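Student: Going down the list, the sequences are from chains A and B. Using this note's numbering, you'd call the opening residue of the first sequence number 1 and step up by one each time. Using this note's numbering, you'd call the opening residue of the second sequence number 1 and step up by one each time.
Everything labelled a hint here was simulated from the structure, so no lab data went into it. It should be emphasised that the depicted structure is a prediction, and the values quoted were computed from it without experimental measurement. Take these hints with a grain of salt, some might be off.
Copies of one chain are not kept apart here, so a pair can be met inside one copy or by any two copies together.
Said to hold, decoys possible - Restricting the straight-line Cα-Cα distance to at most 25 Å, the calculated cross-link-like pairs of lysine to any residue (SDA-like) are:
#: 1; residue 1: LYS295; residue 2: ALA244
#: 2; residue 1: LYS161; residue 2: LEU68
#: 3; residue 1: LYS185; residue 2: HIS229
#: 4; residue 1: LYS161; residue 2: THR243
#: 5; residue 1: LYS287; residue 2: PRO188
So the chains spell out like this:
Number of protein chains: 2
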Amino acid sequence: MVSAKLRGVFCPVLTPFDEQLRPDASRFIEHCESLLHQGCHGLAVFGTTGEANSLSVKERIQLLEALLKAGIPPELIAPGTGCAALTDTITLTRHAFQSGCAGALILPPYYYKPVEEEGLYRSFATVIEDISDNGLNVYLYHIPPFSGVPLEIGLIKRLVKDFPHNVVGLKDSSGVWAYTDTLLKTLPDFGVFSGSEVFLRDNLLAKGCGTITASANINAPAICSLFEHWEGSNGISKQAEITAIRRAVQKFPLIQALKTVVADNLKDDAWLTVRPPLVPLTPIARKSLLESLAKVGYTPPN
Amino acid sequence: MVSAKLRGVFCPVLTPFDEQLRPDASRFIEHCESLLHQGCHGLAVFGTTGEANSLSVKERIQLLEALLKAGIPPELIAPGTGCAALTDTITLTRHAFQSGCAGALILPPYYYKPVEEEGLYRSFATVIEDISDNGLNVYLYHIPPFSGVPLEIGLIKRLVKDFPHNVVGLKDSSGVWAYTDTLLKTLPDFGVFSGSEVFLRDNLLAKGCGTITASANINAPAICSLFEHWEGSNGISKQAEITAIRRAVQKFPLIQALKTVVADNLKDDAWLTVRPPLVPLTPIARKSLLESLAKVGYTPPN
Numbered sequence: 001m002v003s004a005k006l007r008g009v010f011c012p013v014l015t016p017f018d019e020q021l022r023p024d025a026s027r028f029i030e031h032c033e034s035l036l037h038q039g040c041h042g043l044a045v046f047g048t049t050g051e052a053n054s055l056s057v058k059e060r061i062q063l064l065e066a067l068l069k070a071g072i073p074p075e076l077i078a079p080g081t082g083c084a085a086l087t088d089t090i091t092l093t094r095h096a097f098q099s100g101c102a103g104a105l106i107l108p109p110y111y112y113k114p115v116e117e118e119g120l121y122r123s124f125a126t127v128i129e130d131i132s133d134n135g136l137n138v139y140l141y142h143i144p145p146f147s148g149v150p151l152e153i154g155l156i157k158r159l160v161k162d163f164p165h166n167v168v169g170l171k172d173s174s175g176v177w178a179y180t181d182t183l184l185k186t187l188p189d190f191g192v193f194s195g196s197e198v199f200l201r202d203n204l205l206a207k208g209c210g211t212i213t214a215s216a217n218i219n220a221p222a223i224c225s226l227f228e229h230w231e232g233s234n235g236i237s238k239q240a241e242i243t244a245i246r247r248a249v250q251k252f253p254l255i256q257a258l259k260t261v262v263a264d265n266l267k268d269d270a271w272l273t274v275r276p277p278l279v280p281l282t283p284i285a286r287k288s289l290l291e292s293l294a295k296v297g298y299t300p301p302n
Numbered sequence: 001m002v003s004a005k006l007r008g009v010f011c012p013v014l015t016p017f018d019e020q021l022r023p024d025a026s027r028f029i030e031h032c033e034s035l036l037h038q039g040c041h042g043l044a045v046f047g048t049t050g051e052a053n054s055l056s057v058k059e060r061i062q063l064l065e066a067l068l069k070a071g072i073p074p075e076l077i078a079p080g081t082g083c084a085a086l087t088d089t090i091t092l093t094r095h096a097f098q099s100g101c102a103g104a105l106i107l108p109p110y111y112y113k114p115v116e117e118e119g120l121y122r123s124f125a126t127v128i129e130d131i132s133d134n135g136l137n138v139y140l141y142h143i144p145p146f147s148g149v150p151l152e153i154g155l156i157k158r159l160v161k162d163f164p165h166n167v168v169g170l171k172d173s174s175g176v177w178a179y180t181d182t183l184l185k186t187l188p189d190f191g192v193f194s195g196s197e198v199f200l201r202d203n204l205l206a207k208g209c210g211t212i213t214a215s216a217n218i219n220a221p222a223i224c225s226l227f228e229h230w231e232g233s234n235g236i237s238k239q240a241e242i243t244a245i246r247r248a249v250q251k252f253p254l255i256q257a258l259k260t261v262v263a264d265n266l267k268d269d270a271w272l273t274v275r276p277p278l279v280p281l282t283p284i285a286r287k288s289l290l291e292s293l294a295k296v297g298y299t300p301p302n
């Protein structure tokens, strides 16, 4: 893995499926290439938005191999590798590391709850010790609404202290700005990404590293522009514009809504498919979403 | 799979690990053989208690193969096969079915939440349709404290209506008796197991099928005796005795507490090992647990 600290706008890439609900590698590669072309600094494939928790270990490995084979540089990819099962997390993290990826975004094990801090510490430590290489860049993934397992600041301090070369950052998808703020005040050099571009300006003001945001699937140029030019009054108005677009999308179930917009932008209804337990938006909801987006001035990239 | 309706006391078997945190097939087989010898009507391997959600698909398949190779009859085994990822659930359910197991105990996909009833319906339906054989016995696994995804009665009615040969029962680990009661009143022929022996007598009074209970790992003879002789005043006192033992154990984290008791009964500390994110009980907690059990009259099986 590269040692340079990651910064910028990373896209947790949507995963397209074919009619048999199998991952569609061809559309996935095209979308990844397009996102990089639009200015994304990296691809956080296999996150919550990518329906990665509905994919098997083998499916994730095959999709990553397909991206690499298509020529997407591994140093621009930070895959999600955290699973409920410790052995699956080790398998995926090792694969990402050996593939030369920029980092691994690791969920805590998310079935057993509540768990003690010591148990979470051992979960992350076991993965890091198994790979045992200072080049492994671990980004912790804090997303209590889905994982049900929050990562408390005390745990993070302990991991950073014991694995300073490995535990280099975190994605905060709690939706609670105070968490990011406290974390950056406690660990000023920690690579903290906000989980939504709604907090991008706040994140950068607090000396965070940027955002890993689902909306980059549909609005990357505007979000990347804010990342580059966030200071001053122009930054405030840019933030307001992208926030309005995010709010319009997240009135609907987010993953399905983003797939709806991609399908509409590309005129390709194959993008509407989601894997259970998700269900696509109804035609009425799709229409309402697209109308809401038009009202807040959304224009498709390219 | 066998078509006879399952009834009785099923043990969600604890999974032993070696020092490298690998599943210990040899101790697992011995424990399964002992549980059947103690009177358990079946083995619900790879449940929550079995730390199955900390095991990879491959580890589960290898352990099941080891049980079968050791001569444990598949018609006495109902493995847990529900994972976060649809494809993993299909792989494990198909393996259990093709191995001739009595049934498959299936968790809902437990990462994405909240999800619509339609999404849960499609999750279960996709697994059933993929296997597409009336001999597949599906037991739904209702355990909101861990899954975060409750199975509402409306969903169950719909699944039973559309897959009457396949969706034959449910394990209720909600801890809410009203759920079992409502379910049995709504679907009188449904094979409902309580998730704790605390509700065994109530379950049988309401014409349920018995219990799939973690405590069977340490107290199977007494629980099985209640199942056989639950009617009348003798049943009431038997229920009180086993309930007191359960309450003493569940003052502690349940899985670790049960492993502590097995380790003590067998004089084999290897049984204390748990896989992260769980952590073993402290020596003080272990002592306190064993003293509490002695006070309520617990005696080890055999």
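Student: What label fits LYS161 with LEU68 when the C-alpha limit is 25 Å: within, between, both, or neither?
Tutor: neither (33 Å within a copy, 46 Å between copies)
Student: Evaluate LYS161 and THR243 at a C-alpha cut-off of 25 Å and name the case that applies: within, between, both or neither.
Tutor: neither (35 Å within a copy, 45 Å between copies)
Student: Check LYS185 against HIS229 for me: Cα-Cα at most 25 Å, and say if that holds within a copy, between copies, both or neither.
Tutor: within (23 Å within a copy, 63 Å between copies)
Student: Check LYS295 against ALA244 for me: Cα-Cα at most 25 Å, and say if that holds within a copy, between copies, both or neither.
Tutor: within (10 Å within a copy, 63 Å between copies)
Student: 25 Å Cα cut-off: does LYS287 pair with PRO188 within a copy, between copies, both or neither?
Tutor: Neither way: LYS287 and PRO188 sit 44 Å apart in one copy and 43 Å across, limit 25 Å.
Checked against the numbered hints given earlier, this structure breaks hints 2, 4 and 5; the rest are met.
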